[in-house]
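Participant: With the hints as extra help, turn the sequences into a complete structure.
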Amino acid sequence: MTYVITDACVDIMDKSCVRECPVDCIYEGARAMYIQPDECIDCGACVMTCPMDAIVSDSDLMVEEQPFLDRAIEYFSEIGAPGGAKRHGAIGYDHPSVATLIPQTQE
Amino acid sequence: MTGPLRVAVVGAGPAGCYVADALCYEVDRDVRLDIFDRLPTPFGLLRYGVAPDHLKMKSLQRTLQRTLDDPRVRFLGNVQIGTDLNIRDLLESYHAVVYAQGASRDNQLGIPGECLPDSRSATEFVAWYTGHPDSVPSAFSLTASAVAVVGLGNVAVDVTRMLLKDVDLLRGTDIPTPVLEVLADSKVSDVHMLGRRGPAQARWTPKELRELGELPGVDVVVDPADLVLDEASQTAVDADASLGRCLAVLREWAERRPSGAARTLHVHFFVKPVAITGISTVEGLRVERCRLNGNGLLSEGDVDLLEVQMVLKSIGYLGIPMSGVPFDEQQAIIPSVGSRVVRDGRGNLGEYVCGWIGRGARGVLGTNKGDAEDCVKALLTDAPQLLARSIDPRRIDVLLADRGIEVVDLVGWARIEVAESALGRAEGRPRAKIATLDGLLAAAATRADSEMK
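If you're matching them up, the sequences are chains U and P in order.
Heads up: the first sequence begins at 1 in this note's numbering, then just goes up one per residue.
Heads up: the second sequence begins at 1001 in this note's numbering, then just goes up one per residue.
Please keep in mind that the hints were generated in silico from the structure rather than gathered at the bench.
Distance windows between CB atoms, simulated:
id	chain 1	residue 1	chain 2	residue 2	range
1	P	Thr1143	U	Ser97	53 to 61 Å
2	P	Pro1430	U	Asp14	32 to 40 Å
3	P	Asp1402	U	Gly80	46 to 54 Å
4	P	Ala1445	U	Leu61	46 to 54 Å
5	P	Arg1251	U	Pro103	34 to 42 Å
6	P	Gly1324	U	Gly80	45 to 53 Å
7	U	Ile79	P	Gly1324	48 to 56 Å
8	P	Ala1254	U	Leu61	19 to 27 Å
9	U	Met1	P	Thr1436	28 to 36 Å
10	U	Asp38	P	Thr1277	49 to 57 Å
11	U	Met1	P	Glu1252	17 to 25 Å
12	U	Asp14	P	Glu1214	28 to 36 Å
13	U	Thr100	P	Asn1348	48 to 56 Å
Small disclaimer: the values here were computed from a predicted structure and weren't measured.
Glycine residues also receive a C-beta, built at the ideal position from the N, C-alpha and C atoms.
Facilitator: This is how it looks when you write it as structure tokens:
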């Protein structure tokens, strides 16, 4: 079980979630944030604080949202579990499925 | 010449640990923190609040332990600030004091019958099943067949789940052995979870709520009429995805048919407890039907009697005043502005708040991390002035020794962990909690005695 960041974060990156994640498992890409699924302890703090409603529990994902979980798993399959975003610093690049999105602007 | 910045933190719960973590991260090496706790064990509500079956949440302990293991941090457990040491002692020995002791007093319903023996607070129940030293394993005997849980938040959800969950599913946790025995003998068949307001005003979160509906051997009953929203409630749900998800969970429950399961959860909205009935024991909970009226509540006049033999109320927590520290009685918090404690109408240099004692009992565990960052920011802004003060850094250790306080440090805590693991292994589970203060202190001291011999 983990929480998952959806496309609603892309090009917004509000980062309120980072401040409240008790295990600091929300990492910064270039255009979106990513939750490390193995580090997430399922507390839900990020969900409540995200102004974009961009975060969903994997148990709440609808079929069409499933790729967001796959994306997170793939993204961290290379990076691993750094053990804390603040000390690790920004990752700085995105998963291909984010990198290829048309730039989004806030309404 | 100035030495390191010396900071005392009152309370080793998540808020206190996050203050230490943020300070250690921000200040390269010139900082020393002493984290005090009235209990011999650190981690506050993570150890004594988070339910034993929420194992993933419990794994946060590893993160918080890393902070305590930092060489710049000391854990001083079993030290009660206000009794063993007073605030003056702290202010004279440290450049800054952070109050992070939480809010452990229960809010009251203020209705007749609240003092009956089986009218208890959820806090007492949580303290019991988490093995808090303030409780005793005999504090509860679950002889009631029906229980009312008053409150629509995650604590109410936890308490309800512990009452309904098959005891065999709890055997792999660290729950104290005598508590497991009481749960195994439980006569509870019906739990009524209720609150004055509706589903759009409830404070629980979707994952926790959903878990109740997934318990094996438990039927869930919700009246679909309670899930019809007024305009203001609909607006609230539309604006908050979490509320929407909770409502979807409730709507799914409302469509279920009873399967004849051994236990049943009844969820009631818009009912206000008005009296707990019974002469020497709880015989029922009298509730009045309400409806929303803007932010207020109007009585509908209809009164119902729920036949329950135990009432557990979970209607919020209040901070406890501390001698020598300002206290806002109205909000039951230490008054603060920008994390600084307010004395004589303004933020005082050198005294800060973090967590529930500063903001009230609201938010989830992670909320404290952001809170701690704000607190540390304020503290570091004041640091140049704080460092100019003359303090006596050796004084605290002298006072503790003079007063004969049995301080439990990190080594003592490690011994408690070893003892709890051993206790668990003997029963074929990873860990079993030691549920008494004497037991914890004995475990913390064991190896020290044998090493001295």
